[in-house]
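Chains as they are written, first to last, in full-length UniProt numbering: chain A, 1 to 377; chain B, 1 to 377; chain C, 1 to 377; chain D, 1 to 377.
Honestly, the hints are just simulated from the structure, not real lab data. Certain hints may be false.
Treat identical chains as interchangeable: a pair holds within one or across any two.
What the hints assert, rightly or not - Mimicking EDC-like on lysine to aspartate or glutamate, the simulated pairs with C-alpha atoms at most 20 Å apart in a straight line are:
(1) K128 / D74
(2) K3 / D74
(3) K5 / E65
(4) K3 / D28
(5) K269 / D173
(6) K226 / E268
Next come the chains, spelled out residue by residue.
Number of protein chains: 4
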Amino acid sequence: MTKLKWGMIGGGEGSQIGPAHRLGSQADGLFSFEAGALDVDAAKGRAYAQSLGIAADRAYGDWKEMLAGERGRDDKVDLVTVATPNNTHFEITKSFLEAGFHVLCEKPMTMTVEEGEEIVRVAKASGKTCAVNYCYSAYPMVRQMKAMVAAGELGAIRTVVANFSHGHHAAGDDADNPRVRWRYDPAQAGVSGQMADCGIHALHMASFITGDEVEKLSADFASTVKGRVLEDDAMVNFRTMKGTVGRLWTSTIALGRQHGLDIAIYGEKGGMRWASEQPNQIIYNRLGARTEIIEKGEAGLSEDAQRMSRVAIAHPEGFPLAVANIYVDLAAKIRGEGKGNLPTAEDGLRSMAAVFAAVDSASKDGAWVDARPPMFR
Amino acid sequence: MTKLKWGMIGGGEGSQIGPAHRLGSQADGLFSFEAGALDVDAAKGRAYAQSLGIAADRAYGDWKEMLAGERGRDDKVDLVTVATPNNTHFEITKSFLEAGFHVLCEKPMTMTVEEGEEIVRVAKASGKTCAVNYCYSAYPMVRQMKAMVAAGELGAIRTVVANFSHGHHAAGDDADNPRVRWRYDPAQAGVSGQMADCGIHALHMASFITGDEVEKLSADFASTVKGRVLEDDAMVNFRTMKGTVGRLWTSTIALGRQHGLDIAIYGEKGGMRWASEQPNQIIYNRLGARTEIIEKGEAGLSEDAQRMSRVAIAHPEGFPLAVANIYVDLAAKIRGEGKGNLPTAEDGLRSMAAVFAAVDSASKDGAWVDARPPMFR
Amino acid sequence: MTKLKWGMIGGGEGSQIGPAHRLGSQADGLFSFEAGALDVDAAKGRAYAQSLGIAADRAYGDWKEMLAGERGRDDKVDLVTVATPNNTHFEITKSFLEAGFHVLCEKPMTMTVEEGEEIVRVAKASGKTCAVNYCYSAYPMVRQMKAMVAAGELGAIRTVVANFSHGHHAAGDDADNPRVRWRYDPAQAGVSGQMADCGIHALHMASFITGDEVEKLSADFASTVKGRVLEDDAMVNFRTMKGTVGRLWTSTIALGRQHGLDIAIYGEKGGMRWASEQPNQIIYNRLGARTEIIEKGEAGLSEDAQRMSRVAIAHPEGFPLAVANIYVDLAAKIRGEGKGNLPTAEDGLRSMAAVFAAVDSASKDGAWVDARPPMFR
Amino acid sequence: MTKLKWGMIGGGEGSQIGPAHRLGSQADGLFSFEAGALDVDAAKGRAYAQSLGIAADRAYGDWKEMLAGERGRDDKVDLVTVATPNNTHFEITKSFLEAGFHVLCEKPMTMTVEEGEEIVRVAKASGKTCAVNYCYSAYPMVRQMKAMVAAGELGAIRTVVANFSHGHHAAGDDADNPRVRWRYDPAQAGVSGQMADCGIHALHMASFITGDEVEKLSADFASTVKGRVLEDDAMVNFRTMKGTVGRLWTSTIALGRQHGLDIAIYGEKGGMRWASEQPNQIIYNRLGARTEIIEKGEAGLSEDAQRMSRVAIAHPEGFPLAVANIYVDLAAKIRGEGKGNLPTAEDGLRSMAAVFAAVDSASKDGAWVDARPPMFR
Ligand SMILES: NC(=O)c1ccc[n+]([C@@H]2O[C@H](COP(=O)([O-])OP(=O)(O)OC[C@H]3O[C@@H](n4cnc5c(N)ncnc54)[C@H](O)[C@@H]3O)[C@@H](O)[C@H]2O)c1
Ligand SMILES: NC(=O)c1ccc[n+]([C@@H]2O[C@H](COP(=O)([O-])OP(=O)(O)OC[C@H]3O[C@@H](n4cnc5c(N)ncnc54)[C@H](O)[C@@H]3O)[C@@H](O)[C@H]2O)c1
Ligand SMILES: NC(=O)c1ccc[n+]([C@@H]2O[C@H](COP(=O)([O-])OP(=O)(O)OC[C@H]3O[C@@H](n4cnc5c(N)ncnc54)[C@H](O)[C@@H]3O)[C@@H](O)[C@H]2O)c1
Ligand SMILES: NC(=O)c1ccc[n+]([C@@H]2O[C@H](COP(=O)([O-])OP(=O)(O)OC[C@H]3O[C@@H](n4cnc5c(N)ncnc54)[C@H](O)[C@@H]3O)[C@@H](O)[C@H]2O)c1
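Isolated chain A, as found in the complex (with noise of 0.2 Å):
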């Protein structure tokens, strides 16, 4: 089986996501890494790329120059990943769909609706994929709950429970902290913080796992640390399109949890939980039996959970395999031997309307609002 040819662009030298995004394209040998603009300084990245293997052409300068120097080639790369900051995203992601390359976008993969739909239609004209790296949704027993509630083990869905939350912007003078301010400062973050960052993983994680849709939510947005705009703690209320309610609770400030990302979901004959600082597990009852433990890698478990585990049972696979797990399915998306259950632009988009859907009823003291994008209305 030939690799297919990979380039990024972002995730340079010392960026948080960049690492993963290597080893999760190298990690199973399905991708060769051939070209990069991995900087936002055209000599650092084209360095960098360089000592990273790139040949000295193919290590870019900028996005646009790459653009332009894959496209011409024979053997330009097959898949674009998109990793850099949040408003470059959709210029980005756009016109490398537009050249015909597959794209993985970083999430956010837009800053507003609007681009969110530009995405999604670019994405469909190009007959394209276009993947957002909701990553959380490739841990092999975040697969396996999607299937236990596609084969309708837990009955219809009544509540789900979802939270995001982190300490790791508690201290007081974070407000003064460049790394830190920006996140909560509308002229660069946008409308919204800590729901536009964490918050939409765990939302996604609620419409991927149960397969329906938020349709209309009420918020709380509280900025709990003095200076902040933006809100660094927020509650979301919502309804799916199937009538389940919903409950999502991101914070910044929850001093004593590190990766507070965590998922409940409750249905009519079963309940099952998941958290991410202990992925290899779920903790799963059903309805008048007692509560079990189904661990990754033990018999019996579904397709993709099996797919998506590479070592035995109790020897842990972590983060970085969970992205590694988003090139496996788009390595079979892009061979087309199966549709797997990536995130795509359609979620991307339906992520950033339940955002400003969130910012505008938390602006109307938690009034109801619809959660769809409108073309999907």
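Use these hints to put chains B, C and D with the ligands onto chain A, whose structure you have.
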């Protein structure tokens, strides 16, 4: 030290909470059990009281008989516990207070805000203690959390997250089960289901630990099981008088949760959390430090936490001894030895006001409403 | 039901185990506290007893006075608890048994195997109950494990792993601390330190749950803190009469363990484990199935597990109520209502024999030795 | 940075450990996979290697062919991983070392102590690196523990408790299952079952973290499943050169344990423990302080712990990336950039000596025997 004399109304054979009160009052040898009207069925109540060692003339058929019998005696009971169904609490508590007895009333103290205000007035006029059995507040480690907040160890409190969820009413056919059905029927349960039954424990804890009161709230109620009128899943966002953000989720359909009463307190300088299923530990995180585990019984705990623990570190103490701690504080109060940190009629009233506010808000699509009792505005 | 009459020797003011016995005997209203010789200091003991409500003429100065005083009375106590230091247990227990009292003796029952055999003979001759306070065996979920093994749910038991480790004697200067030093001094503590003090609880549980007895053992003792003569860290390998393999580790220098008494039972058809710091759950694994959690208070538990639980599922019950369960079984036994599953003088003797065998083996480089009391070989 | 060239022997399609080596060597882009003799079946091995992108002339039929083919090439592989069944390790490893290749050999390195000594000599003479895949030692938090001990943070180490227990061979009919049976058959597995297969991982960790070596030991072996000759449950007591007490339990019949490799280190000044199923945390207790949780990725960790973690705090990293860390250290070593903390041929030899000592001791009723390889005495 002579024992105080104690009597109970309700808590008959087979009742849920009766054993906890008997055990709680007896555990430390502070009260002798002298009188009771234990059952709605007079004959059963008399027989059962005598089987528990109560003298025949103090094994009463109903509470009015008991009130008449006790008030005239020289050796009358010092304290009366009211452990009957909710809709009788008001009348019984009021009558015993007016007759000069100290009262420990089960939660919820009353069925309406007006009744609650009346109990507060009567208790004040009587000069007697009226405590409400928010027994979770008497766990040693809950007292420890209260003391830590009071000492400023967490700084100003930004957010409180309190839950009381379980899955014991998740069966779809609960709608037909009389032992469950009444709880969701307005004719029998009043204006609220799970919020009034369990949510108020979590809400009380939020106030108790922070030493603060709920000012206003916004609620989202859902009846997720077909056939229910009152809510079985509720989310309440609130703000306290000091500006703390509150999040409270309570549910009866959360399969896999057995007794999910837990609370997290996030302040400027630290965060901590506690769960009723593991009541002997606090998970504590000081800003900039590692997460640490505070153990019941360790050296250096607050005065209350020490006083309310009977056995050495890591020897677990559970629910019945939390109830016993309410009696410990009651004995001290009755003897005039200390104010303690007893939940009072004021707390009972505040809970009622919050429940009614939540019902009101939920009926108005989550509009924010004043949660304070009129007499405290 | 009239209460039984109860007296205690030792357990004076400030003692460690005294409060657990008072609470345990009172919690369920089964015993009235009528007499005591509570302290090594006669005056203190008399005063303290009276402060607890004991009549002046039954607040004795020492156990001989109490024996003399009680044996003649019509309303003499039914049960005497011996909660004095170890080296007095034999004499006091023997004397009260011979005088026709039921006795609950603290562990270790005696200082030597010979004394243990003598108590067994005396108890038998007297026709009275002699129980030993292996209170962990009275946790509802430990009874549940015993019932499951007895019912064959785990098949033949292959291996038992029992630990009792803590870190409370880990300080190097404990060697100079009189409250700790005596425990490692043969002149005061006898032949064994941690094994005799804590290890025997774990060993008793292994026998209790499996319904089997230790036949032979091999031990490795270490005195890890400088200046100690007796062991503070011990490992015992054993085999039971039925051929089960046993592993028992006990330590006082295990920093980070608070009360590490836990036990795992591995059989042909299933495995289960329980830890004293979370006594309300059993982690259970049936061959070929998922791990499940058995909860105290759930439907369908064994008769003992149900009888010994006072409050609903997931309302934790802890150490003092395990001690109370010993009194529950004692009351039943004394009233002739059931044999119960009380730890007996035979169990106390077996523990002594095992401790002496371990000491012997350790002194012979781990040679395997017979662990049975001579009278049971 | 040019990639190093890598080849593998064994680890063919469907093998257990093969995927971990491929992923581990590729994850960080340090090695390119250039050659292999992957299967005992030559044709299968060639085909599978080519399907993984290996050139046809380097997709070898067996290891001798590979040795012949590679040694002559200019672009020969830098590193060979030996992932074949145990009884082939010695010959293959020796041959490749002698031919001047660096080797990563799977555990156990050899079948006998003599072979182990030979490998140590050959590796020394060759000047090449011979590492053994004790991959658990490359978890970031295991490196952190090693660094803490080395820095004296725990003081002198008193006791080490290491376990490797699971329940995956607990089925009684495993005795007939060929995939399991051979492990307990001396003709196929050699002198030891579970001790040689899993126990040595735990034993290596004990040495690795403490920076100390086992001097002598006493063992108790049991074959608990009918029909087995070799042990499926073993306990080893040991003493290190520095006098630390060691306890090691390993079992394959512990139903409910999935991958119970865990270790606790108790020193004069502190204790800590780590479990392979939750590899991103250390539970740490400093004498006199509260228990605290050390998180992978937190600020201030040891150089190794930082270097070997790829993603932020509380983003879990698991087993495959621990294997990758072995390759990280190998790449550094081969490039001469650092000694790293690689498990070496000496460690492989020491493990063999300890296994043989344990077998010897167990056959002599637990007599204490020297556990050191003769060449290190
Ligand atoms: N899926 C997840 O779990 C997850 C986690 C973290 C970050 N992210 C997302 O990844 C994206 C990057 O976040 P990060 O935390 O790695 O940011 P970062 O600031 O750490 O790194 C950004 C990188 O992009 C480079 N860059 C900036 N502008 C560029 C441009 N125009 N062209 C080329 N390179 C450019 C920078 O030089 C830097 O190397 C964000 O959209 C973020 O939301 C996702
Ligand atoms: N604090 C807590 O954690 C907690 C827990 C459970 C119940 N409760 C409260 O305790 C109260 C009782 O609840 P329960 O679950 O024990 O109910 P239950 O139905 O199990 O028992 C009620 C008992 O009261 C007796 N009774 C009814 N009417 C009476 C009357 N007029 N006079 C005398 N006796 C009467 C009944 O015969 C019965 O014995 C309720 O208010 C409930 O909300 C509190
Ligand atoms: N079952 C358990 O879990 C458990 C736990 C702790 C202690 N114990 C056992 O309980 C016994 C007491 O231990 P402790 O820790 O409470 O000891 P302690 O030293 O704290 O208290 C001993 C008490 O006995 C009194 N006493 C001493 N000699 C006496 C005598 N001759 N007559 C009357 N009173 C006398 C002392 O004054 C003191 O009040 C010991 O045998 C110990 O092994 C058992
Ligand atoms: N470090 C660890 O945590 C760990 C875990 C599992 C296995 N192992 C070790 O890895 C080794 C392999 O174990 P496994 O479980 O993967 O075995 P396996 O039986 O699953 O696979 C062995 C592979 O080696 C191939 N093979 C056999 N003989 C060969 C030969 N002569 N030449 C080339 N290929 C050959 C087989 O075809 C097969 O692909 C063993 O030594 C085992 O102890 C280590």
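Of the hints stated earlier, which fail here? The structure conflicts with no hint, since it agrees with every one listed earlier.
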